[in-house]
Amino acid sequence: MWIFIQSLINGLLAGGVYALIGVGITIVFGVMKIVNFAAGAYLVWGMYFTYLWYQVTGLNAYLLIPLVAMTMIIFGFATFKLTIKPVLNTGGTAFILVTVGLSFLLQNLIEVFFDPTPRTVPSSIKLSSLQIGSFSIGLPRLIAFAAMLVLVLFVNLLLNKTLFGRAMKATSESSVIARMLGINTDRTYTIAFIIGITFAGLAGLLITPLYYVTATSGKIFSTVPLMAVVLGGLGNIKGALIGGLLVGVVEAVVGSQLSPDLGPVGITLLFLVVVYLKPKGLFGKGERTA
Amino acid sequence: MDRVERRIKMGKNILEVKDLSISFAGIKAVQNLNFHLEQGEVLALIGPNGSGKSTTVNMISGVYTPNKGDIVFDGHHLNSKQTVPLRAKLGIGRTFQTPKPFANLSVYENIFTIALQKNSYANADKITNDILDMSKLAPFKDMNSGKLSIEKRKWMDLARILATEPKLIMMDEVMAGLNPSEMEESFEFIRNINRRGISILFIEHVMKAVTSVCTRAIVLNQGQLLFEGEPKEVLSNPLVIKAYIGGSEK
Amino acid sequence: MRKYKLLSIKNIALVVLVAVMAVIPLIVKGNYIISIFVSCLIFASLGSAWNIIGGYGAQISWCHSAFVTIGAYSNFILSVNFGISPFLSMPIGMLISFIFATIIGHGTFKLRGAYFSIATIAFAESLRIAIQYFDKLTKGAAGIYVTYTGSSFSKLTFKNDIPFYYIALVLLILIVIIIYRFTKSKTGHYLGAIKGNEDAAESLGIEAFKVKLTAFQLSAIFTSVIGAIYGSYLTYIAPSSTCGFDLSIKIGVVAIVGGIGTIAGPIIGAFIFIPLIEIASKLLGQIGGSQMLYGLLLIIIVIFRPEGVVSLFKRKSKKDDVVGETAKINEETKNGQGRKENKNG
Chain Z
1 MWIFIQSLIN GLLAGGVYAL IGVGITIVFG VMKIVNFAAG AYLVWGMYFT
51 YLWYQVTGLN AYLLIPLVAM TMIIFGFATF KLTIKPVLNT GGTAFILVTV
101 GLSFLLQNLI EVFFDPTPRT VPSSIKLSSL QIGSFSIGLP RLIAFAAMLV
151 LVLFVNLLLN KTLFGRAMKA TSESSVIARM LGINTDRTYT IAFIIGITFA
201 GLAGLLITPL YYVTATSGKI FSTVPLMAVV LGGLGNIKGA LIGGLLVGVV
251 EAVVGSQLSP DLGPVGITLL FLVVVYLKPK GLFGKGERTA
Chain R
1 MDRVERRIKM GKNILEVKDL SISFAGIKAV QNLNFHLEQG EVLALIGPNG
51 SGKSTTVNMI SGVYTPNKGD IVFDGHHLNS KQTVPLRAKL GIGRTFQTPK
101 PFANLSVYEN IFTIALQKNS YANADKITND ILDMSKLAPF KDMNSGKLSI
151 EKRKWMDLAR ILATEPKLIM MDEVMAGLNP SEMEESFEFI RNINRRGISI
201 LFIEHVMKAV TSVCTRAIVL NQGQLLFEGE PKEVLSNPLV IKAYIGGSEK
Chain A
1 MRKYKLLSIK NIALVVLVAV MAVIPLIVKG NYIISIFVSC LIFASLGSAW
51 NIIGGYGAQI SWCHSAFVTI GAYSNFILSV NFGISPFLSM PIGMLISFIF
101 ATIIGHGTFK LRGAYFSIAT IAFAESLRIA IQYFDKLTKG AAGIYVTYTG
151 SSFSKLTFKN DIPFYYIALV LLILIVIIIY RFTKSKTGHY LGAIKGNEDA
201 AESLGIEAFK VKLTAFQLSA IFTSVIGAIY GSYLTYIAPS STCGFDLSIK
251 IGVVAIVGGI GTIAGPIIGA FIFIPLIEIA SKLLGQIGGS QMLYGLLLII
301 IVIFRPEGVV SLFKRKSKKD DVVGETAKIN EETKNGQGRK ENKNG
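Protein chains in written order, with this note's numbering: chain Z, 1 to 290; chain R, 1 to 250; chain A, 1 to 345.
Simulated from the structure, these hints should not be mistaken for lab results. Hints may contain errors.
To be verified - Restricting the straight-line Cα-Cα distance to at most 25 Å, the calculated cross-link-like pairs of lysine to any residue (SDA-like) are: (1) K278(Z) / K118(R); (2) K126(Z) / F114(Z); (3) K280(Z) / G188(A); (4) K118(R) / G188(A); (5) K81(R) / P279(Z); (6) K33(Z) / I300(A).
Claimed, not checked - Calculated from the model, a selection of chain Z residues having no Cβ within reach of chain A, i.e. all distances over 12 Å: (7) N60; (8) G101; (9) S172; (10) G182; (11) Y276.
Said to hold, decoys possible - Chain R regions said to be covered by chain A (calculated; three or more residues, Cβ under 8 Å): (12) 75 to 88; (13) 97 to 109; (14) 190 to 199.
Positions of the beta carbon are idealized from the N, C-alpha and C atoms, including for glycine.
The following block holds chain Z by itself, in its conformation from the complex (with noise of 0.2 Å):
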């Protein structure tokens, strides 16, 4: 029993990261209405570009976190103005591909410009925790956990109590009426891209003291985040969340009861059983327009 609660406790906190990519996802979805295959190789480079900021200042991730977060909106601002933008309005099955093409290119990019020997971002607290009864929290994990949900908070408030938030739901409603009432769509785009992005660059930011920094560590984070995206369903910054939780806590039990590698077996039997049963995801309102 207590292996079955302190693996919740962990899927939970895991959840958490996934959530945090799975919210970028969201976000691009909402307002583009194209899923970001990419995300998972965002998410290695901002564990790279944490590296070699730290490599630089010498200061410890989380110190870090306004210049990375800084590094991850000029790369996403660039690779969206030269892969992205282009086929934007190209219907259809254009962004799957461009967008799994980046996630591949990315990947591959970090083998050619670092050799592939893992590296660390060193971190103080890695292996702290806190007690609470006889089950243990980590620290990194409460830390990231935290952090994402301050930066969901963040883009909820952005989304509800600004006037470009706004205009991004109006985008997303419709971007041709969005046009009409003078939202400059095209800003709008790239904004939510470099937005989601940023959050998975960051995700990668918030692991570094959990993982080595290496191209491979990326990979889980590629497909995971979409499905928890799809479970809780397409376009909903909560299901995303929700999705990204729960996924977790999947991971987490079935690796701690059946075998630690049979993990993302689970999260797929739950996606497929959650797809099957309810399309739409959890709480999702469903993207069909007649």
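Using the hints, position chains R and A against chain Z.
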């Protein structure tokens, strides 16, 4: 003006809509709608923008599921088990406000592919050529359908529906964007379709179309049935006029 | 409908092409070049099978490596443990692939958008992990070797690659014929309509779900057969290589770069792309550099030439414009002179 031949089996309605209601996000788009379409009729469905006309068409064709009410088509009760394609196979056809050609296919292939569903290759070919002649699209048969003008696209929409051997066609604002001579040709096309025994539910804003082609009209306002009668009667009815002027203008 | 001309220029050209291909192994010396050809032929087949769902169906699948794996592993497990010929085990691989394709399709084809693609990525990953995990059956991450006990057609083991060349060539020809017949079939036509406009197709009676599912099932079972042969050719299969995302991307890119939704596309794509990767990996090293090429090419093609390399060979449809112009002129004449019968096309 032509008097359209009606082939009415006594008392047989091709479509019956009873107490139809649907809400979206708390807003009642259609409330307790009741009407019927007699076999062979051309019934106009008019009303200001937002009165629920397209929503009604979507419910009949199966895109939306009503919250309440009954739709009976050709004796069949339609529920959510009858998906959009299944309803089309039963004989319900509908056009879209913006035509949706299979832009990767030629005009011929657009129609031929649909005709294949109920026919052999040889028959489908014959039927397609028939329809191409009837819809005056024969000169364009090998052209990529994405390159057609708006008017021709609307005709191709209708042509494709004809290939399904429909019993009812719901035409959603077919006249929008056409000039007067294109409209006259469309009237003739529609009358030809009706002469084949196909019932038509005709959603329109263009009043000349309503009076030229339809035998009866019903008026929707804010999701409810406002008035019903002969086209000329309906169009001069003060309530109807008020609904149009009071409601949103096109 | 145009009559089918047996002796058309296109058909003669095809026969010549096949004859040339048949003769190459007799001319070319050295196994290395032959092996490149074999890879090209196999990926041409794989890309063509992918094309059924990815090109003609416009549903982007990233799990075709899984079907290759199912075919290859069915082959190896049964031949290594029970000495069963790959040809006899192929139906098993096909059945398993069919079942998985049906499950995935049932879950996702009622939805639009990226759901299908996401599900395929998840499926392939899960299969890879499952194969690694159930290592008593599959030898896990270490993979399975086929031991060479002498040339045998029924065992699909040979001294050099030349027999595989011919097998792969015949396989490609068969697949191309099957795909050609498929595009002419009713289901093939419906798939084209769905690709053109799914909403309209459904409103006209086409059950998009069933059609897409059929296409995916076909694509899966053909891929499984090719996978069985591919495995024998490689003589070594392992979860990371045979069921990797890389392989799925490679298959998709071959079809997309060559020309998505065309018969010649995947073939041209394979013969351009596979040698390109070979050269790149010699120049840039095995990992990283050459793999990067997949992503880069994919992006470039989608942005600049989405119809693929094949479109460079197609004459731009001037025909459409001519037909349109002629018809317009006829219309105007007709209108100007009142309604008149018009027989010109």
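Going through the hints against the structure:
1. K278(Z) / K118(R): violated (33 Å)
2. K126(Z) / F114(Z): holds (24 Å)
3. K280(Z) / G188(A): Violated. K280(Z) to G188(A) sits at ~29 Å, over the 25 Å cutoff.
4. K118(R) / G188(A): Answer holds: K118(R) to G188(A) is near 15 Å, not above 25 Å.
5. K81(R) / P279(Z): Satisfied, since the Cα-Cα distance of roughly 17 Å is no more than 25 Å.
6. K33(Z) / I300(A): holds (21 Å)
7. N60: holds (29 Å)
8. G101: At roughly 3 Å from the nearest Cβ of chain A, G101(Z) sits no farther out than 12 Å, so the non-interface label is violated.
9. S172: holds (14 Å)
10. G182: Given that every Cβ of chain A is farther than 12 Å from that of G182(Z), nearest at about 29 Å, it holds.
11. Y276: violated (5 Å)
12. 75 to 88: holds (count 5)
13. 97 to 109: Our answer is that it holds, as 7 residues pass the Cβ test (under 8 Å) against chain A, meeting three.
14. 190 to 199: The restraint on the region 190 to 199 of chain R is violated, since only 0 of its residues have a Cβ under 8 Å from chain A and three are required.
Violated hints for the displayed structure, listed by number in ascending order: 1, 3, 8, 11 and 14.
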